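Participant: Here is how the chains run, residue by residue.
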Amino acid sequence: MTETNLFPKDLTRSETTPPLRHEPEAPENTPTNPVRGWGRFALICVPYFWLLLFFFIPFLIVAKISLSQAAIAIPPYLPLMDWSKGVMGLWEVAKSWSLDNYIWLKEDALYWQAYTSSLKIAFLSTVLTLLVGFPIAYGMARAPRAWHTTLVMMVILPFWTSFLIRVYAWIGILKTDGLLNQALLFTGVINEPLIILNTSTAVYVGIVYSYLPFMVLPLYSSLEKLDTTLIEAAEDLGCPPWKTFWRVTVPLAMPGMIAGCFLVFIPALGEFVIPDLLGGSSTLMIGKTLWIEFFSNRDWPVASAVAIVLLGLLIVPIMMFQRHETRRNEGDM
Amino acid sequence: MPAKPSWFNLTSLVLGFSFLYLPIVILIVFSFNESRLVTVWAGFSTKWYTALLHNQQLLEAAWVTIKVGAISATLATILGTLAALVLARQGRFLGRTLFSGMIYAPLVMPEVILGLSLLLLFVAIDQNRGVWTIIIAHTTFSMCYVAVVVQSRLSGFDRSLEEAAMDLGCPPVRTFFRITLPQIFPGVAAGWMLAFTLSLDDLVIASFNSGPGSTTLPMKIYSQVRLGVTPEINAICTLLVLLVTLGVIIASILTKRQKLKRIEEERLAAAHL
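Residue numbers (this note's numbering), protein chains in the order written: chain A, 1 to 333; chain B, 1001 to 1273.
Extracted from the complex, chain A is given alone in its bound form (with noise of 0.2 angstroms):
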């Protein structure tokens, strides 16, 4: 009795009790302890009005300013709403919304080339740091079992340190009279030093390098788990070892391999310092476009209009992740 609102789960699983009642409005109304329903009611709301009044509402925000007109004025657009008017004034401002930054989206070819080459370098980048990754997780799952978390350890060490400062490193190495073309030079490998740094190929390097472990991970779980004597039994009954590989390890490796892939793709496609540090301007890529859209034009409805339209994007790799992350621990229990 006592617990029934800390464990409403259980409660809800029985038939004879009738379904729990739902937050806010109506907290448990036992005799014994009515604190305990309020407990529960703040205990909800808390985090929850948090995440209402700094993640939610901002986002309705952003809408809005999306469809409102630029202006040279603090803050650079046109009023949302003038309250004291009350519906009327509602309704005249919903009168005077606009999908003008839409259309201007649409019509620049510059967003377009932006949006689209997101899209290519967040996918090519996720094939790249998957046949980066793959070879690594197989190493470490393949490993003594003493090492194992000593290596996933080391995975993950470079992910608490500074992306900015990873990004930054790789500056140093890139540049033209960089230590890689100083490397090669000397080896006598190259003749003129390469051009890589304000390239899209050092984009590729740096998203590969700062998401790395966000690969190696989810893959390193999956081969870890993978029961060797299937292995044994392919490779007993005459299967080639690349034969095994592709049609044992590779499936099997699947559902790591697909959340390592949403998990680089997803972030990178909205990337913002990657390609500002190290793609220079040759590199369009929409999360910068919106930086300079907002700090350098202060155009702020149209860099909410891009926002809108990039999360629209991310919409549907962000549901079919989260759909295959559900199924995934599903299959594990």
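Bear in mind the hints are in silico, worked out from the structure with no lab data behind them.
From a predicted model like this one, the values you see are computed outputs, not experimental measurements.
A portion of the hints provided could be inaccurate.
[To be verified] Computed far set for chain A versus chain B, every beta-carbon distance over 12 angstroms:
1) Lys120
2) Val127
3) Leu194
4) Lys288
[What the hints assert, rightly or not] DSSO-like mimics (lysine-lysine), calculated; alpha carbons at most 30 angstroms apart, straight line:
5) B:Lys1047 - B:Lys1067
6) A:Lys243 - A:Lys225
7) A:Lys225 - B:Lys1261
8) B:Lys1047 - A:Lys225
9) B:Lys1256 - B:Lys1067
10) A:Lys106 - A:Lys120
11) B:Lys1259 - A:Lys225
12) A:Lys106 - A:Lys64
[As the list claims (entries may be wrong)] Covered by chain A, per the in silico footprint, the following chain B stretches (three or more residues, Cβ under 8 angstroms):
13) 1083–1092
14) 1211–1222
15) 1259–1268
C-beta atoms are modelled at their ideal positions from N, C-alpha and C, and glycine is treated no differently.
For chain A, the structure is supplied; the task is to place chain B on it using the hints.
Facilitator: Just chain B, lined up with the frame of chain A:
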């Protein structure tokens, strides 16, 4: 699937980890370079570290960053733990789907969008930007990480202890502090660490939400990097890397020790039976 490491596996491990660590090692090495050029070695020197100590602006930015990190990590840990309790213990309630959506979405949301949306909120309510707006912004996105970490800890522990305490008449709040919190503490501590490092790292969200006098270290580093690579930046970066590495190592030793202690206690308890 451990087996004997083959040459192929060893090579891929060595290459993979060199790829992960070499850039950071190079960065650290060149922070001790005598020359101003970051790419040409001219002898050992610690002069860039001494220069850092006299850079007033940088020290100020470092102080702002630590302050923001500590306060926002603490707030995020409290809110995130509450959120994890709601997700793991409160079953169904009105708006649960929206709630869990709001927990998971910031984990994958591009930083530019998070930063922009919060800034527009602060502008809409006419709030001047400064240290506190950065703290609120950092709390909001890092509480979601804390919630995920703590939730995984919560779903993996034995509820019968909680139930026993409640059946014996222990009020819920006390049950939480006496039974639940000690059990999930490693998760909560890891959550705080994660929130602190996330805040320490963040450039994009802080840039959107900062005002005059609230420049954080990443913002400072970013504006200097844009002007070019200098050994001074290498020196700050080295210090930050060492700080974080030390933190992670200490945290992992502590959790290991706690685990050993628990095993020992269980062994003793079993011996007394």
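Participant: What are the numbers of the hints that this structure violates, sorted from low to high?
Facilitator: 4, 8, 15
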